[in-house]
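Starting from the known structure of chain P, arrange chain R on it as the hints suggest.
Chains as they are written, first to last, in this note's numbering: chain P, 82 to 507; chain R, 3 to 282.
Among the clues, some could well be false.
Dumping the calculated PhoX-like pairs for lysine-lysine here, alpha-carbon to alpha-carbon at most 20 Å [said to hold, decoys possible]:
| # | chain 1 | residue 1 | chain 2 | residue 2 |
| --- | --- | --- | --- | --- |
| 1 | P | K371 | R | K162 |
| 2 | P | K282 | P | K312 |
| 3 | R | K162 | P | K257 |
| 4 | P | K257 | R | K160 |
If you want a taste of the chain P side facing chain R, the calculated C-beta under 8 Å gives, among others [said to hold, decoys possible]:
| # | residue |
| --- | --- |
| 5 | I259 |
| 6 | F260 |
| 7 | H261 |
| 8 | K346 |
| 9 | N354 |
| 10 | A356 |
| 11 | K371 |
| 12 | N373 |
| 13 | N377 |
| 14 | F379 |
| 15 | Y381 |
| 16 | D385 |
| 17 | R387 |
| 18 | V389 |
Some chain R residues well away from chain P (every beta-carbon gap over 10 Å; in silico) [to be verified]:
| # | residue |
| --- | --- |
| 19 | S110 |
| 20 | P113 |
| 21 | F168 |
| 22 | A203 |
| 23 | L231 |
Since the hints were derived computationally from the structure, they do not count as laboratory data. Computed from a predicted structure; not experimentally measured. The beta carbon of each residue, even a glycine, is placed where N, CA and C say it ideally should be.
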Amino acid sequence: MISIVNIGMNHESAPVELRECLAGENMGPADILAKMRDAAPLKESLFISTCNRIEALCTTDDPEAAEGIIIKLMSESSGVSEEEIKSHMYSFYDMEAVKHVFRVASSLDSMVVGEPQILGQVKDAYRLAALQEKTAGVILNRLMHKTFHVAKRVRSETGISETAVSISYAAVELAKKIFHTLDERSAMLVGAGEMAELAAKHLLKHGVKDLIVANRSFERAVGLAESIGGKAVLIDEMESQLVSADIVISSTAATSYVITADMIKKTARKRKNRALFLIDIAVPRDIEPKVNNLENVFLYDIDDLREVVNENSSQRMQEAVAAERIVEEEVLKFENWLRTLDVVPAIVLLKEKIEDIRKAEIKKSLPALGNLTQEQINIIETLTTSMTEKIINDPILMLKTVAGRSSKDRFLDITKKLFNLDQDKE
Amino acid sequence: MDLLISKIALFLILLSTGGFIVYVIRQSKSVFRCSYWVMFAGFIFQTLFLAYRYFDLGAVPVVNLKLSLAFYAWCIIGVYLLFQMKLKLMVLGSFVAPLAALFIILSSAIPPSPETVPLVFKNIWLVIHVFSMFIGYGIFSLAFIGAVMYLIQERQIKRKTIGTFFKRLPSLETLDNINHYSLIYGFPLFTVGMITGAVYAQYALGSYWRWDPMEVWSLIIWIAYAVLLHERLAVGWRGRRAAWMSILCFVILLALFFGSSLWFNGYHSFGSFGEGSRLP
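Bound conformation, chain P alone (with noise of 0.2 Å):
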């Protein structure tokens, strides 16, 4: 029988200095999924990276070497060694597996449970296994469907999403701390990602008067400017661009510091000391931490801000409960289809069978009937697909049935025996 394995590292099962390390530079997502592809134990596969974690899941008959290519290949990327990514990390098997991909996807799982964001990136990570790497097929087609379903859920009948406790919420509550009311205030955000955006809706929502956009790529800095409300500059200004700032986001993909303590130490006077609220939502990291040692500013980074988070978001929790209860619902339901997987070869070669005595007789047959329209032909194929579908119906449906009990197996053995399937086949 086959196995769905899920393989990864959280926010909570690894500290981020691991996880910069394998948010990969050597090997992206793309690199990996391929490697993946290639390894024989593995049979469908799927590799989602995103800033807070790894998993990759995949179809397999054998469960442990599975495991063990994975993470020899996530060593491989990362140069970590396979032990300390062994200690990091958490597996999970079949059904449990398909849980943890329905909680990661409905934010269940996130450092900031509710956070928007994690869907958007399973999305393309399925995106790039079904369409780029073509490495899902139909355990993982089926799978990932249904993620989205739950995801969809979750996300409608809790209010997890609404009330959530985002990062950028905390960090609005962290700048007021800081600077009082936040009115007046200009905000920069140095990369254009997702997370930088919604950071920044809530800075504007909350009275931040000029924000700037500062991106490696002009172009996408403008459209995020344009679309927000803000300045676009080139990431080449953003150093001037720090004397003017009250709250700088960084959430780049650069893997060096794009923010260091000497460049905030130069603008300083410029500032007249003014306090600065920077916050790095990037991994790996985009703002030196020495800079938090410098005084009147003030360096959050994701983690930091994960802490800040934990506290309100207890009284959350009933939601969760209510989420969770999906996530089961949804468990089951999957685990159901699953175990038809079983009956499915057998159904397909019924149905073969079938249609193609069906092919064979009508074309016996039809040389005899002389000269048919085009009409007369139609009508005799339907007659006949119908015929020999109605017949075959109740005991495809019987097979279903059984699908997830201990008797299936005989009656797939009585099925193919009835209807000679096996030697068919031959």
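Just chain R now, with coordinates in the frame of chain P:
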């Protein structure tokens, strides 16, 4: 009579201090309101007591450390009540009240000494000198309290330990503003106090400046606050550095306040009244 009034004032101020401490723990607005009004009542009684002493002595009641402390505490509370009307910062009381209470307890713990007032003390310049000096002290005390609160809050934010105080304390901006405005108002008053003191010295002692230790020490304080104010306004010192400087200035100020009566031997010291009366 005045003894009873001062006892009532002491009791009310201690009660409100207790209330302010309960407020900061429980965060109940009604506790704050009660404490605030008890504090206000305590202030009224303290005012009555000091007014009584003023008319009884015929001079500002700072003739010994006991009375000076009572007067100082009164100034702190008065300045706080004024600031509170403007700032509406409930948590401020929880920091101010203990400081005021400390001085009032010290004052009541000092055994009474004979309060004889030489004639030279009955002078309008001296009244202005003492009032502006002491109100200046009161305002600087608030700057000190604001600085302490700033450093606590700053530490919470820097260390990312979002603890009890994070929620209870106001924003850094607000706390820095307390520091800023305390200097803006406190420094001119202190300067007026210095000048009127010199004028009075000319009148009473025949020279504006005698290099008396108290005078020198006051000058040091004046310079320290002047530096802080200048750095704030011209250079843009703010936040942490300004807070530390405020605390340092205040420590020097306290050293002057207590030191003048305990260690120094000039005409200002409370112990040397006999000599004071012998002055021309």
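Worksheet entry | Non-interface label on R:F168, tested against every C-beta of chain P at 10 Å | Non-interface label fails for R:F168: nearest chain P Cβ at 7 Å, not farther than 10 Å.
Fill in: Status of the stated non-contact between R:L231 and chain P (beta carbon gap over 10 Å)
holds, 15 Å
Discussion item. Check whether the Cα positions of P:K371 and R:K162 lie no farther apart than 20 Å.
Written reply: Holds - the C-alpha atoms of R:K162 and P:K371 are around 14 Å apart, at most 20 Å.
Worksheet entry | Hinted contact P:N377 with chain R - closest CB pair below 8 Å | holds, 4 Å
Discussion item. Using the nearest Cβ pair, does P:Y381 come within less than 8 Å of chain R?
Written reply: holds, 7 Å
Worksheet item: Holds or violated: is the Cβ of P:F379 closer than 8 Å to a Cβ in chain R?
Response: holds, 6 Å
Discussion item. A cut-off of 10 Å on Cβ-Cβ distance, and R:P113 was said to be off the interface with chain P. Does that hold?
Written reply: holds, 47 Å
Worksheet item: Does the CB of P:I259 sit less than 8 Å away from some CB of chain R?
Response: holds, 5 Å
Worksheet entry | Agreement of R:K162 and P:K257 with the hint, judged by alpha carbon distance not exceeding 20 Å | Judged against 20 Å, a Cα distance of about 15 Å means the pair holds.
Fill in: P:A356 as chain R interface residue, shortest Cβ-Cβ below 8 Å
holds, 6 Å
Worksheet item: Given P:N373 was flagged as interface, is its beta-carbon under 8 Å from a beta-carbon of chain R?
Response: Hint holds; P:N373 Cβ to chain R Cβ min 6 Å, cut 8 Å.
Worksheet item: Does the structure keep P:K257 and R:K160 at a Cα separation of 20 Å or less?
Response: Distance ~14 Å between P:K257 and R:K160 Cα, so the pair holds.
In this structure, the earlier hints numbered 8, 11, 17, 21 are contradicted, and the remaining ones agree with it.
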